[in-house]
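J.: Spelled out from the first residue to the last, the chains are:
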Amino acid sequence: MSESHFRYVASNRRVREDRRFVAGKGQYVADIDLPETRHVALVTCPHAAARIKSIDKRAALKMPGVHYILDGAELAAATVPLMTGLDTPNVPRRPLALEIARYSGEWVAAVVADTRALAEDAAEEVNVDYEPLPFVLDAEQALEKASPLVHEAHGSNVLLDKTFVWGEVDKDFAEAPHKLKLRVKWGRSATVPIETFGVVASWDPWRDMLDVWASIQMPRFPDQVGAALKLPVSSVRLHHDVDVGGSYGVKRGIKHTVLCGYLARRLGFPVRLIEDRLENMRGGDAHGPERLFDVEVAYDDNGIVRSMKMRALENVGAYAGRSPFQLGKPIGSIVGPYKIKSVQYRAVAVVTNKTTQEAVRGFGQGPTNVALERMMDEVAHALGLDPLEVRRRNLIRAEEFPYTIPSGTAYDSGDYETVIAKVLADTPYEALKKQRDALRAQGQLAGIGIAACLEPSGGNASFEALLNPKITTSTFMDSCRINVDGAGTITATMHTTSSGQGHETLVGTVIGEVLQVDPELVRVMRPDSLTSLPSGTPVGSRMAIMLGGAAFHAAQKLKTKLTTIAAHDLGIPFDRAVYEQGYVYDRNAPQNRRTWADLVTIAHRNMHRMPPGFEPGLAETHIYPVPNGGKLPTADGRVQMYPCFSFEFHLVLLVIDPDLGLPRILRYRLGHDCGTQINPKIVRGMTMGGIAHGIGAALFEEFAYNDEGQLIAQSFMDYLLPSAHEVPAVKIIDHETPSPLTVLGQKGSGESGYLGAPAAMANAINDALRPLGISLNTLPLKVSKLGDMIADAHAKAGK
Amino acid sequence: MRIKLSVNGGEHALDMEPRTTLLDALRDHLKLTGAHAGCEHGVCGACTVLLDGVAVRSCLIFAPQAEGSAITTIEGVTPGPGELSPIQDVFCETHGMQCGYCTPAMILTAHALLAGNPEPTRDDIVEAISGNICRCTGYAQIVEAIALAAERMRGANRPMELRK
Amino acid sequence: MKAAPFAYSRPASVDEACALLAGDEGARLIAGGQSLVPMMAMRLARPTHLIDIARNASLSYVREDKGAVAIGACTRQCVLERDALVAKRVPLLARAIPCIGHAATRARGTIGGSLAHADPAAELALIAITLDAAITYRAGGADGELTARDFFAGLMVTNLPVGACLTAVRFPVWHGERIGVGFHEVNARRSDFAFVSAAAQVELDGDGKAKRIAIGVGAATDSPIRLESAEQQLTGGALDEKKVTEAVRAALADIEPLADLHASAEYRRRAAVSLAARAVADAKTNALGSKAHAH
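Residue numbers (our numbering), protein chains in the order written: chain U, -10 to 788; chain Z, 32 to 195; chain L, 238 to 532.
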């Protein structure tokens, strides 16, 4: 890495949050212990679809420790349906099913008891009379006219069917000498944190206040809770100082919180719901995208891809909140790192009788990258060209930034060739190919997989307005407030929860950098939602950019105020005053200075020495809007989406045991460019974690259903998470192309690794299978499936 | 049922249902919330504690089964308020965590490994933590932490002592 | 995922445990609990009474016993993993044990508990079948014994009589100069329940031919099986790769493999062939090596 011109930024500072975690002193929601708390367990529907004819609570109410049993009818009468993203008023979403349950595992009733165990005992005794209904599980079947309707009132199973055409697609297809079609399936998987979602809600009738502690990661959470409970949002106090045990997108928690909030108000004591793993997997915040891509590209003899048509069909499950927007976010980088000139994109979201999906890390980008990168490999193969060479011919060049793609987004900066060159300098491509070929000569199935992918970052979620014209949101912001108190100590605030991204360390580092003071001297606090400033929360790989930007500007304001106060007191013009490490001196006479303590004294206690018109104290706030944002889409669906684009280049060598179908990764290299890395250890850790998530999605993880609509992967015995054995040693090679748009040149890296690893694994496996003339484009690429396909190919070849 | 548990060197007599797992006994009755519930069916390892010095899954042990054994939790290997043990310190050094949820379990597993094997290879470390799932880190910086801890402790030339 | 309520006892003797079992239809024994407790957490198993025999000293031992190695039912898997007698006399068991679950589950899980649970993918069940282990139990004050083959009745079901407590497992010891073992399993992740597993033990004669061979396959069917036709075919031969593969393939041609979310039936059949052949090859290599070690 290049030598840093920073004092604190870009150094491997210890992450201050780690101290409490290694001692087991994190405060997770299950650690919150309020007196009189009662516990919730759910009664869930066993059928894929069923009418709820009656709920008999009598036996359950007699069980020990039971206080209350809430059903969907009572909750619906007291609340408003949960917010949706698309304009689909006939597809309401509620915490408890009302009249009809639409997936196996859907919550039908909630039991409140003295302990979780007693609540579970009673939940078993709630007698629900169901009338099973026809159901549909497959997205393509859900599109058919004869399909059962998940929501009768909506009239079809289609929540969204929107086609965008950017550029002269038909013309480019007509003129291109070659075309290629590919179908890629991303199986239903998600990032599955080890901590499930949990919430504790407590109602104070004397202050009209609903206190909420939750393992939450989502924007506008108090707003949605307040709206559903018909409470003013200023009556919902979300405590941001809860440590979240991983989320990576999924922890939305709306239905849990509305449920517990209602019960807390109704019953007069704190109510707690911690999903157990079965509740989580079957009906909680767990599922993610399940997407079918049909891609077609038009290309020339040199492998230059001129135009692309893509239909993305998403199986959202039985209800939809924000998740269909995961079809929209990839629009902001729809051509990946390539100079594809025209694109037709059709986004289709359908409901089926599966568990509702939530947002997952990357918000649809990971699956889209698989489709793009598989297609690029197939183009190479069709022409007999090397896959890396085809990438090179299509990549946007370093000198072409900012580069605007057909859908209207400008990529801020990048130097893809240099990142790739650095990886290949470490691991020469020709040598890797020789190694692969030698393994093949020994009778192994061996393959090289590459993936060149972007990580859009900054969270300018203009896909909302793109997919739902009723939405006119163009403001995405984050905030920081810094106060230097009367004793001279520095406290800064951030206004959201975190799930391990080291945001407190981020804020301390940035403020320390600007004020030139040791970041350890900057206390970082998380006020609750009522005493917070606006925050978009950690989504869309945005916090380094947005929280970093807000902290930076607030610190700059503070530095300017300090300098101004000093200049005034020194009797010199502002531009002669030099700020350095907390004190200010006269450039012309450096012995004339004011120390930090002097300036604190003046600001807090000597009004007579303050510049006229200045507020006393040393408090500065900045609310930072997303760079390059603030616009709505044009009529033809073009818009600037995220501002900054990180780049990752994956290079994988693997072998597959031909008899057992078992893949084994031999080498994994990743070139990573996310601009300035505020804390390299944090970035590396997140990237490695992303790769692990990606390997899981590529090889192991699937929320699999049987034909009866039952989720058969409902525990960790069947939903397989990569252990330390399954994640190989990865060498990450960094490059930094700063963003011109951000305060320190930083781009986001919250999704790094995850966005490209599945694509690289899919390409590596397909390269390994290629000599047998077979390919597999359905993730996860499971051992048994690979084994069966290889055996079939061998049989056909007469082996 | 009255159940006697020896935890971190202290004796406790607690009234609880026999079906209370050791995990829930530690968390709910003794307020030792460093052990975490991740799956409650013995796969993720977030509930790991030491039983007579051996790493076990506390969600798979009913409290009465643990009578008569010495139980050590993360609180028991923390030297004092605000103080970190060498292993805990090294995890901070390499940033061998992010959300921290699997971390106490990882650290206790590291304790158990290093007590029996002061010079573990990378494979030894990977095998030792293979029963502890982490979704944040991809394991790299955890493995580095344990390797570094081994190196530092060998340099210190004395075995790691659990708090008596 | 809290278990349904139950009463808990820790009887001092095996006979007391059996009496408690006999007195309550809903009672179950618990030793390590690594298989039982997850099922109870999911409320798939709901014993009304748990009888904890884990700490019965009379059930925890490893000793030589009339040409066999006898292991107490409540001996922890981690103890067997380190036991010198097991390593020397029942090398196939020593080879397989590190593949069981994770260190944290082997710290608690017992050999008897695993066998009684009768999971088709359990390594211990496969080794017991492959080596013709004898399983002893106590019921109603009397001892009984079942061969491993008679012990396993089907998927998660044994032929232990109602109210019986498994007390010991006896593994016959093969005496010979050139004994070798092989064990392989395939799973999605290293420590998962195997999709298919295979175990082999061979004794070679002076010419390197198979004097005796045992081959077992686990996880492919309801309970582990012996490939008897292959054993017969291969006895006396040089165990060349092609013949071994043909023999095991023929032996597996008529099984009805399990199919589930993780592996198709045909996958299990093919993998069984491949792993059985690999296990025999390893056993042969091992056995040839062991002669060299004799000096």
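No wet-lab data here; the hints were simulated from the structure. Mixed in with the good hints, there may be bad ones.
[Claimed, not checked] In silico DSSO-like cross-links for lysine-lysine, where the CA-CA straight-line distance does not exceed 27 Å:
hint, chain 1, residue 1, chain 2, residue 2
1, U, Lys620, U, Lys330
2, L, Lys479, U, Lys785
3, U, Lys160, Z, Lys62
4, Z, Lys62, U, Lys14
5, U, Lys785, L, Lys480
[Stated by the list, open to error] DEER-style ranges, computed between Cβ atoms:
hint, chain 1, residue 1, chain 2, residue 2, range
6, L, Arg280, Z, Ala44, 44 to 54 Å
7, Z, Ser37, U, Arg594, 38 to 48 Å
8, Z, Pro110, L, Arg280, 53 to 63 Å
Glycine included, every Cβ here is placed at the ideal spot set by N, Cα and C.
J.: Now, for every hint given, state plainly whether the structure supports it.
T.: Taking the hints in turn, this is what the structure says about them:
1. Lys620(U) x Lys330(U): Roughly 23 Å separates the two Cα atoms, so the pair holds.
2. Lys479(L) x Lys785(U): holds (21 Å)
3. Lys160(U) x Lys62(Z): Not OK: Lys160(U) and Lys62(Z) at ~69 Å, beyond 27 Å, violated.
4. Lys62(Z) x Lys14(U): holds (11 Å)
5. Lys785(U) x Lys480(L): Satisfied, since the Cα-Cα distance of roughly 23 Å is no more than 27 Å.
6. Arg280(L) x Ala44(Z): 44 to 54 Å: Since Arg280(L) and Ala44(Z) have Cβ atoms about 29 Å apart, the given range 44 to 54 Å is violated.
7. Ser37(Z) x Arg594(U): 38 to 48 Å: At 57 Å between Cβs, range violated.
8. Pro110(Z) x Arg280(L): 53 to 63 Å: violated (41 Å)
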